[in-house]
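The working numbering puts the sequence shown at residues 1 to 87.
These are calculated hints, taken from the structure and not from any lab test.
If you're wondering where the values come from, they're calculated on a predicted model, not measured in any experiment.
A portion of the hints provided could be inaccurate.
In silico DSSO-like cross-links for lysine-lysine, where the CA-CA straight-line distance does not exceed 30 angstroms [to be verified]:
no., residue 1, residue 2
1, Lys19, Lys69
2, Lys23, Lys68
3, Lys45, Lys8
4, Lys21, Lys5
5, Lys68, Lys5
6, Lys8, Lys69
7, Lys21, Lys69
8, Lys82, Lys69
9, Lys69, Lys23
10, Lys19, Lys82
11, Lys69, Lys45
12, Lys68, Lys21
13, Lys23, Lys5
14, Lys86, Lys45
15, Lys69, Lys40
16, Lys40, Lys19
17, Lys5, Lys82
18, Lys23, Lys40
19, Lys8, Lys63
20, Lys21, Lys45
21, Lys68, Lys45
22, Lys86, Lys19
23, Lys40, Lys63
24, Lys63, Lys86
25, Lys63, Lys19
26, Lys82, Lys68
27, Lys19, Lys5
28, Lys86, Lys69
29, Lys5, Lys63
30, Lys19, Lys8
31, Lys5, Lys40
32, Lys40, Lys68
33, Lys82, Lys21
34, Lys21, Lys8
35, Lys40, Lys8
36, Lys68, Lys19
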Amino acid sequence: MNDIKLLKSEIISVGQLEKEKLKGTIRTFGVGGLFGYFGKFYNNKIGVMTLYATRRSNYVLIKTSANKKIILTPDNPEDFVKEFYKM
Numbered sequence: 001m002n003d004i005k006l007l008k009s010e011i012i013s014v015g016q017l018e019k020e021k022l023k024g025t026i027r028t029f030g031v032g033g034l035f036g037y038f039g040k041f042y043n044n045k046i047g048v049m050t051l052y053a054t055r056r057s058n059y060v061l062i063k064t065s066a067n068k069k070i071i072l073t074p075d076n077p078e079d080f081v082k083e084f085y086k087m
């Protein structure tokens, strides 16, 4: 997988995401299973999103000025969000 790069100026918000908000998510183009969840997904609460997840917990939602929604699963989501806003 290639590196994904975002400019900080493109990011509108970064925040932890409750697992319940992902209920009903469907994979539209990607991989989901043994090694993680990667690709395009959709649900009624968030809409179209891109997941780069290695687990089914610790979700962080990044929203961009281009109306993209990217979900990551860092080891410590609380610290991830705090460090982003320190930059």
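To see whether the hints hold, each was checked on the structure:
no. : hint           : in the structure
1   : Lys19 to Lys69 : holds, 15 angstroms
2   : Lys23 to Lys68 : holds, 19 angstroms
3   : Lys45 to Lys8  : holds, 25 angstroms
4   : Lys21 to Lys5  : holds, 25 angstroms
5   : Lys68 to Lys5  : holds, 13 angstroms
6   : Lys8 to Lys69  : holds, 14 angstroms
7   : Lys21 to Lys69 : holds, 13 angstroms
8   : Lys82 to Lys69 : holds, 19 angstroms
9   : Lys69 to Lys23 : holds, 16 angstroms
10  : Lys19 to Lys82 : holds, 19 angstroms
11  : Lys69 to Lys45 : holds, 12 angstroms
12  : Lys68 to Lys21 : holds, 17 angstroms
13  : Lys23 to Lys5  : holds, 28 angstroms
14  : Lys86 to Lys45 : holds, 28 angstroms
15  : Lys69 to Lys40 : holds, 10 angstroms
16  : Lys40 to Lys19 : holds, 17 angstroms
17  : Lys5 to Lys82  : holds, 19 angstroms
18  : Lys23 to Lys40 : holds, 15 angstroms
19  : Lys8 to Lys63  : holds, 11 angstroms
20  : Lys21 to Lys45 : holds, 7 angstroms
21  : Lys68 to Lys45 : holds, 14 angstroms
22  : Lys86 to Lys19 : holds, 25 angstroms
23  : Lys40 to Lys63 : holds, 15 angstroms
24  : Lys63 to Lys86 : holds, 17 angstroms
25  : Lys63 to Lys19 : holds, 17 angstroms
26  : Lys82 to Lys68 : holds, 21 angstroms
27  : Lys19 to Lys5  : holds, 25 angstroms
28  : Lys86 to Lys69 : holds, 21 angstroms
29  : Lys5 to Lys63  : holds, 14 angstroms
30  : Lys19 to Lys8  : holds, 25 angstroms
31  : Lys5 to Lys40  : holds, 17 angstroms
32  : Lys40 to Lys68 : holds, 11 angstroms
33  : Lys82 to Lys21 : holds, 21 angstroms
34  : Lys21 to Lys8  : holds, 25 angstroms
35  : Lys40 to Lys8  : holds, 22 angstroms
36  : Lys68 to Lys19 : holds, 19 angstroms
Consistency note: the structure conflicts with none of the earlier hints.
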